[in-house]
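Model the full structure from these sequences, guided by the hints.
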Amino acid sequence: MQTVNTQTLIERASALLKDGTVSAVLGWKRGEFDYDMTPAVFTTEEELSAGFVYNDFCGANLSKYLLKKTREIQGKILVFLKPCDTYSFNQLLTEHRIHRENAYVIGVPCNGMADIHSIRKITGEGIARVELTDSGLLVHTLYDDAPVAVSYEDAMADRCKTCKSKKHVAYDELLGEEGDVLDSHRFDEVAKLEAMTPDERFAFWQGELSRCIRCNACRDVCPACTCEKCVFDNPDSGVENKAPGGDFEEKMFHIIRAFHVAGRCTDCGECSRVCPQDIPLHLLNRKFISDINKTYGEYQAGETADQRPPLVNFTQNDPEPSDVVKGGHDHA
Amino acid sequence: MQRIGVFVCWCGSNIAGTVDVHAVAEALKNESGVVFSTDYQYMCSQAGQDIIKNAIAEHKLTGIVVCSCSPRMHEATFRKTAAAAGLNPYMVEIANIREQCSWVHKDMLSGTEKAVILGRAAIAKVHLNAPLTPGQSPVAKRALVIGGGIAGIQTALDIADAGFPVDIVETKPTIGGKMAQLDKTFPTLDCAACILTPKMVDAAQNELIKIYSYSEVSQVSGYVGNFDVTIKRRARYVKEDLCTGCGLCTEKCPQKKVPNEFNLGMDNRRAIYIPFAQAVPKIATIDPDYCTMLKTGKCGICSKVCTAGAIDYTAKDEYITEKYGAIVVATGYNPISMEKFDEFAYSQSKDVITSLEFERLTNAAGPTAGKLLRPSDGEHPHKIVFVQCVGSRCDSCAEKGKEYCSKICCMYTAKHAMLTRDKYPDTEVYVFYIDVRTPGKAFDEFYRRAVEEYGVHYVKGMVGKVVPQGKKLMVQASDLIDGKQLHIDADLVVLAAAIEPDKSARPLATMLTASMDTNDFFTEAHPKLRPVESPTAGVFLSGACQGPKDIPETVSQASAAAAKVIGLLCKDHLTGNPCVASANEMLCSGCSQCANVCPYGAITYSEKEFRMPNRTTLMRRVASVNPAVCQGCGACTVACPSGAMDLNGFKNNQIMAEVDAICRN
Numbered sequence: 000m001q002t003v004n005t006q007t008l009i010e011r012a013s014a015l016l017k018d019g020t021v022s023a024v025l026g027w028k029r030g031e032f033d034y035d036m037t038p039a040v041f042t043t044e045e046e047l048s049a050g051f052v053y054n055d056f057c058g059a060n061l062s063k064y065l066l067k068k069t070r071e072i073q074g075k076i077l078v079f080l081k082p083c084d085t086y087s088f089n090q091l092l093t094e095h096r097i098h099r100e101n102a103y104v105i106g107v108p109c110n111g112m113a114d115i116h117s118i119r120k121i122t123g124e125g126i127a128r129v130e131l132t133d134s135g136l137l138v139h140t141l142y143d144d145a146p147v148a149v150s151y152e153d154a155m156a157d158r159c160k161t162c163k164s165k166k167h168v169a170y171d172e173l174l175g176e177e178g179d180v181l182d183s184h185r186f187d188e189v190a191k192l193e194a195m196t197p198d199e200r201f202a203f204w205q206g207e208l209s210r211c212i213r214c215n216a217c218r219d220v221c222p223a224c225t226c227e228k229c230v231f232d233n234p235d236s237g238v239e240n241k242a243p244g245g246d247f248e249e250k251m252f253h254i255i256r257a258f259h260v261a262g263r264c265t266d267c268g269e270c271s272r273v274c275p276q277d278i279p280l281h282l283l284n285r286k287f288i289s290d291i292n293k294t295y296g297e298y299q300a301g302e303t304a305d306q307r308p309p310l311v312n313f314t315q316n317d318p319e320p321s322d323v324v325k326g327g328h329d330h331a
Numbered sequence: 000m001q002r003i004g005v006f007v008c009w010c011g012s013n014i015a016g017t018v019d020v021h022a023v024a025e026a027l028k029n030e031s032g033v034v035f036s037t038d039y040q041y042m043c044s045q046a047g048q049d050i051i052k053n054a055i056a057e058h059k060l061t062g063i064v065v066c067s068c069s070p071r072m073h074e075a076t077f078r079k080t081a082a083a084a085g086l087n088p089y090m091v092e093i094a095n096i097r098e099q100c101s102w103v104h105k106d107m108l109s110g111t112e113k114a115v116i117l118g119r120a121a122i123a124k125v126h127l128n129a130p131l132t133p134g135q136s137p138v139a140k141r142a143l144v145i146g147g148g149i150a151g152i153q154t155a156l157d158i159a160d161a162g163f164p165v166d167i168v169e170t171k172p173t174i175g176g177k178m179a180q181l182d183k184t185f186p187t188l189d190c191a192a193c194i195l196t197p198k199m200v201d202a203a204q205n206e207l208i209k210i211y212s213y214s215e216v217s218q219v220s221g222y223v224g225n226f227d228v229t230i231k232r233r234a235r236y237v238k239e240d241l242c243t244g245c246g247l248c249t250e251k252c253p254q255k256k257v258p259n260e261f262n263l264g265m266d267n268r269r270a271i272y273i274p275f276a277q278a279v280p281k282i283a284t285i286d287p288d289y290c291t292m293l294k295t296g297k298c299g300i301c302s303k304v305c306t307a308g309a310i311d312y313t314a315k316d317e318y319i320t321e322k323y324g325a326i327v328v329a330t331g332y333n334p335i336s337m338e339k340f341d342e343f344a345y346s347q348s349k350d351v352i353t354s355l356e357f358e359r360l361t362n363a364a365g366p367t368a369g370k371l372l373r374p375s376d377g378e379h380p381h382k383i384v385f386v387q388c389v390g391s392r393c394d395s396c397a398e399k400g401k402e403y404c405s406k407i408c409c410m411y412t413a414k415h416a417m418l419t420r421d422k423y424p425d426t427e428v429y430v431f432y433i434d435v436r437t438p439g440k441a442f443d444e445f446y447r448r449a450v451e452e453y454g455v456h457y458v459k460g461m462v463g464k465v466v467p468q469g470k471k472l473m474v475q476a477s478d479l480i481d482g483k484q485l486h487i488d489a490d491l492v493v494l495a496a497a498i499e500p501d502k503s504a505r506p507l508a509t510m511l512t513a514s515m516d517t518n519d520f521f522t523e524a525h526p527k528l529r530p531v532e533s534p535t536a537g538v539f540l541s542g543a544c545q546g547p548k549d550i551p552e553t554v555s556q557a558s559a560a561a562a563k564v565i566g567l568l569c570k571d572h573l574t575g576n577p578c579v580a581s582a583n584e585m586l587c588s589g590c591s592q593c594a595n596v597c598p599y600g601a602i603t604y605s606e607k608e609f610r611m612p613n614r615t616t617l618m619r620r621v622a623s624v625n626p627a628v629c630q631g632c633g634a635c636t637v638a639c640p641s642g643a644m645d646l647n648g649f650k651n652n653q654i655m656a657e658v659d660a661i662c663r664n
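Residue numbers (numbering that gives the first Met the number 0), protein chains in the order written: chain V, 0 to 331; chain W, 0 to 664.
Worth flagging that the hints you see were computed from the coordinates, not collected in a lab.
Virtual Cβ for every residue (Gly too), placed ideally from N, Cα, C.
Mixed in with the good hints, there may be bad ones.
[Said to hold, decoys possible] Covered stretches of chain W (in silico footprint by chain V; criterion: 3 or more residues with CB under 8 Å from a CB of chain V, positions within the stretch not fixed):
#1 579-591
#2 594-608
#3 632-643
#4 650-657
Below you can see the structure in the form of structure tokens.
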């Protein structure tokens, strides 16, 4: 359950539109289903009151939309960012993809977002409607007469269960209380992967990635994937025809993508959220983050807007390649 | 479609021994685009090159692949061959089937298979090669020498002698380096100062040499022929143009308790000081760590006594930027710290000293005015033990010492022992050694004189422990030849400490992008054939910064480095490398990853206007590469996520084609 309600956000957005501080608002509106809150642009008070929503299904990270929208729309854009979204926002600033002066950031608190994948694991397929009540979610399915009650905790996305931060690292104003950076044990999942034998690990990823239908949703939603032209859309890159190569479908696509966002990924988890096949793609990226932390010291992409990511920085304290091999993990 | 010629070299038996060269030439004949393929005993020979030239003419070749040694050996040769036959030299690819193939394989079958694969990869690359034309860049006709010891001084003198201006940057207040601290020099025993100071004066008087003392290099950018170097001139609080070096201030300064680093802390100097009598430049320097005026604002005596009005307590560090065509590193060495070797009781007794401290004790300008006296009580020592290899040649104990031989210790210890016996015949002198290493002109004779004429006791074996006991130092050692333990009650113990590169070398190497070995010695471009050049173009090496060296060797290398610099500065233009990066602006997202990884600062960004659909335009940040600064390392092409950055001669699609060819069954 979110502590800040839709009405509070609409009122604040309307005021900023009215006094001319911003010319558009980037928020969420209801999509096809109850659980399907989709990013949307609002330019009038009327549009806001008719469609703007903020609830437990507003998992979408709006920061990436600024890239396109600031190019289309004159003036400042008001954007509502949850704590983890603000890291992506900073990372986009670091990479000069957006200009700070084009965005007005309102930090909204987040208690963890519900995820349809998590709910489906409890209720099964055929979800028709979801009601959000004070005590939890009521999920109506095509196959059950009575709605299934699911607690907010159980409905939460995996990424939110290991939330890394309730602190907004960038904002112009904040709604609600400021939170803290959390000790989330999010690398425990990486440790589990590392504990596997190479064969087990291969089998694990083969099982997961074989389900990939190459819809590109992970790439399209990823706030680190903002290239003017993605290598997978560029026949001259020589990479696009390699994507489906290997022992199982689309393996290379995901591995290449993980390398491309290495050191830039803020671990926002959007890739896993949008995956229609429920592949835990964020684990690939999180492994990279964990390796970077171990090799170059703790680093959180997007913590500030003027960081030098360790993979594109050279310091005298950098370990020598031989040390990395010695101190590294078993890659056998 | 390219018309490709393949030339497989035997390299005598170097390649042909483990690679079936005929089979390779035959196999590669079937590759697409290959119109000619042959093998020959020595492709790099005149006859071999003629085969290539004739084939280019006869078969109208548009590209060639030479399967031979590493491109570091003969790429330039074959490029010239191709150019002579009218082919663009960048249409030549080398498949290294020697170092990476024949030398590492033992059986013909696998060696041949791999050679074919490597040849195939090179052919795949040539298909995508395009003719390239190198640009030219001007040469700044000024050299920078970093370090003002004997190495730096000699290099600077030689460069200036050829008519080129040269600047010396020295961190200490005076040039002279370690040699200025030495007493006598082996094997001729002439006094170090007597042969060094004339060179220091020469450097100071030479109109083409500018000495930046008490200064350090703080930033380096640019490339061979065009380095931009920022030099930090530390505030010495004395105006260099006014100070006459009279030394009155150094006598009147009330702060008398400053450890004198020139005498290795064995006596004291004042807070305002001139390191030694023949210092160049002979200008006083205020030590801000000890000066009462600078620390508390109360004193000002030096300013009052200075008749030249040279004292300036408000001085600040200054930064100057100069352009240089070449940079010589001459940062020298230091003895290692003795703190990890406390079995020799260095920290427990003042009478356990290092060899450099011994030099100062016997130097007429040293703390004892040249009399060999014990630092603890000023008495004459009657029994001296010299310990060799302290921290050198450590194998198992690499944690605390160095694995290498410091090279100079055997000779200076022989010198110390001989001089002691010569001056004080009543003194008993022991030298403990692992091996005595004295290769060098007149070196072994020198050592034998110490043993045979001067009666120095050379004992093969190491000292295990030194224990101070009353006024004596109890030395416990083993004599390996007699197979017994020795116990010597010494008055003085002298440790031949290993030498290591100066601490400033590593950050400097980072600035220069020059490579170092694991011991922080600068690496030469080739250990045998290019010993005074760093692999970084335009950076040269002089003296002990490259490896332990004595004075004669240092001076030879200093002059050799100077010759290389002169050769470079004589050129008006340098032919650039056409294999440089460039950014495809349509793909570039302006993310700065490439600029972050560029070690040469070759990448800049600008906002550019792009035409978009529906007659709109968009301002977008895009990268551009300065081809004169780019060295073609390719770091940017790897960092670029969208593939907007590409490297001429090593295009992403060329490398991909090579990998594909290797993976092809």
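Results of checking the hints against the structure:
Coverage of the region 579-591 of chain W by chain V holds. Counting CB-CB distances below 8 Å, 7 residues qualify, and the rule asks for three or more. Counting residues of the region 594-608 of chain W whose CB lies closer than 8 Å to any CB of chain V gives 4, which reaches the minimum of 3, so the coverage claim holds. Residues of the region 632-643 of chain W lying with their CB closer than 8 Å to a CB of chain V number 5, which satisfies the three-residue condition for coverage. Only when three residues or more bring their CB closer than 8 Å to a CB of chain V does the claim for the region 650-657 of chain W stand; here the count is 4, and the claim holds.
Comparing the model with each earlier hint shows no violations; every hint is respected.
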